[in-house]
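Novice: Sequence:
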Amino acid sequence: MSNMADNVHAGHRDRLRKRFLEEGLDAFKPHEILELLLFYSIPRKDTNELAHRLLSHFHNSFPAVLEASYEDLLAVNGISEKSACLIKMMLPVFRQYGIYQAKESHCVFETTRQMTEYARSLFFNCVYERMYCICLSPGKKIIRTILLGEGDQGNVSVSIPKAVSLILQQNATAIVLAHNHPNGVAAYSSTDYDYTLKLKRALDTLGIEFVDHILVTEEKSLSLIEMGGVEKIMKFHSTYMNEKGEK
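Quick note: the sequence shown uses this note's numbering, first residue 1, plus one each step.
Keep in mind that the hints are not guaranteed to be accurate.
What the hints assert, rightly or not - Computed cross-link-like contacts, PhoX-like style, restricted to lysine-lysine with a CA-CA straight-line distance of at most 20 Å:
1. K45 with K82
2. K82 with K140
3. K220 with K162
4. K18 with K45
5. K29 with K18
6. K162 with K200
To be verified - Derived DEER-like restraints, expressed as beta-carbon distance ranges:
7. R44 with M90: 16 to 26 Å
8. S190 with R44: 51 to 61 Å
9. L147 with T173: 12 to 22 Å
10. R17 with E110: 37 to 47 Å
11. G228 with V108: 22 to 32 Å
12. Q114 with N77: 41 to 51 Å
13. D14 with T191: 16 to 26 Å
14. S190 with Q114: 43 to 53 Å
15. K82 with F28: 17 to 27 Å
16. K162 with Q101: 21 to 31 Å
17. N60 with S137: 38 to 48 Å
18. V108 with L25: 40 to 50 Å
Bear in mind the hints are in silico, worked out from the structure with no lab data behind them.
Glycine is no exception: its CB is placed at the ideal position from the N, C-alpha and C atoms.
My request is simple: use the sequences and hints to build the entire structure.
Specialist: Right, here's the structure in full:
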């Protein structure tokens, strides 16, 4: 009976893999995608039931499965450390694909739209606030994109000296700062303005151009340049510091 069951599962796996290779994933249901993925961490067992269990555990939300923490994945009956690790790898792999694709295609930032589109790719399904620095060559080509820091859903803190040190290591002549608001607030905070001005001033003394600060939310992207750029920051900073002084 065991051999017969193994043969049935093997045949099903072969059919599902063939279907993927011929059609892609567009016609697959969420549980079928997970079932296919789990083939590679569970060699011989039927993964269909486990795929359904995963979805059920995360309220039938496919994105929630991929965004789940390693510990939460392990809490699902039948999910091993190997399977949890495989699922947890998916979104970071997609993000790295976007980063390396831009770098290897010698992406040049000629417009604000190009910058915002690239910045969006950095935060694909990211549930925590992060800050990236996109380091550029004299021709505005991407040298490297570095993660400056990661916080919780509402805050990320990176010291100016640390940021400057990391930027100098890349020999960048210009940079674009990018961070996200996972909570969906499509507006720069007072802390964002304050940090931007301080970083720009530090980079100015080193001859490194501060090109823009892109803010990404789930619905939209904002460019500080398009909102008035450094003049807006300086005006805000002056008002902000006066208010702090009054307090």
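Novice: Work down the list of hints and note, for each, if the structure agrees.
Specialist: Now the hints, each set against the structure:
no.: 1; hint: K45 with K82; in the structure: 14 Å, holds
no.: 2; hint: K82 with K140; in the structure: 41 Å, violated
no.: 3; hint: K220 with K162; in the structure: 29 Å, violated
no.: 4; hint: K18 with K45; in the structure: 18 Å, holds
no.: 5; hint: K29 with K18; in the structure: 16 Å, holds
no.: 6; hint: K162 with K200; in the structure: 14 Å, holds
no.: 7; hint: R44 with M90: 16 to 26 Å; in the structure: 22 Å, holds
no.: 8; hint: S190 with R44: 51 to 61 Å; in the structure: 57 Å, holds
no.: 9; hint: L147 with T173: 12 to 22 Å; in the structure: 21 Å, holds
no.: 10; hint: R17 with E110: 37 to 47 Å; in the structure: 42 Å, holds
no.: 11; hint: G228 with V108: 22 to 32 Å; in the structure: 25 Å, holds
no.: 12; hint: Q114 with N77: 41 to 51 Å; in the structure: 46 Å, holds
no.: 13; hint: D14 with T191: 16 to 26 Å; in the structure: 54 Å, violated
no.: 14; hint: S190 with Q114: 43 to 53 Å; in the structure: 28 Å, violated
no.: 15; hint: K82 with F28: 17 to 27 Å; in the structure: 22 Å, holds
no.: 16; hint: K162 with Q101: 21 to 31 Å; in the structure: 27 Å, holds
no.: 17; hint: N60 with S137: 38 to 48 Å; in the structure: 46 Å, holds
no.: 18; hint: V108 with L25: 40 to 50 Å; in the structure: 31 Å, violated
Of the numbered hints given earlier, the model fails hints 2, 3, 13, 14 and 18; all others are met.
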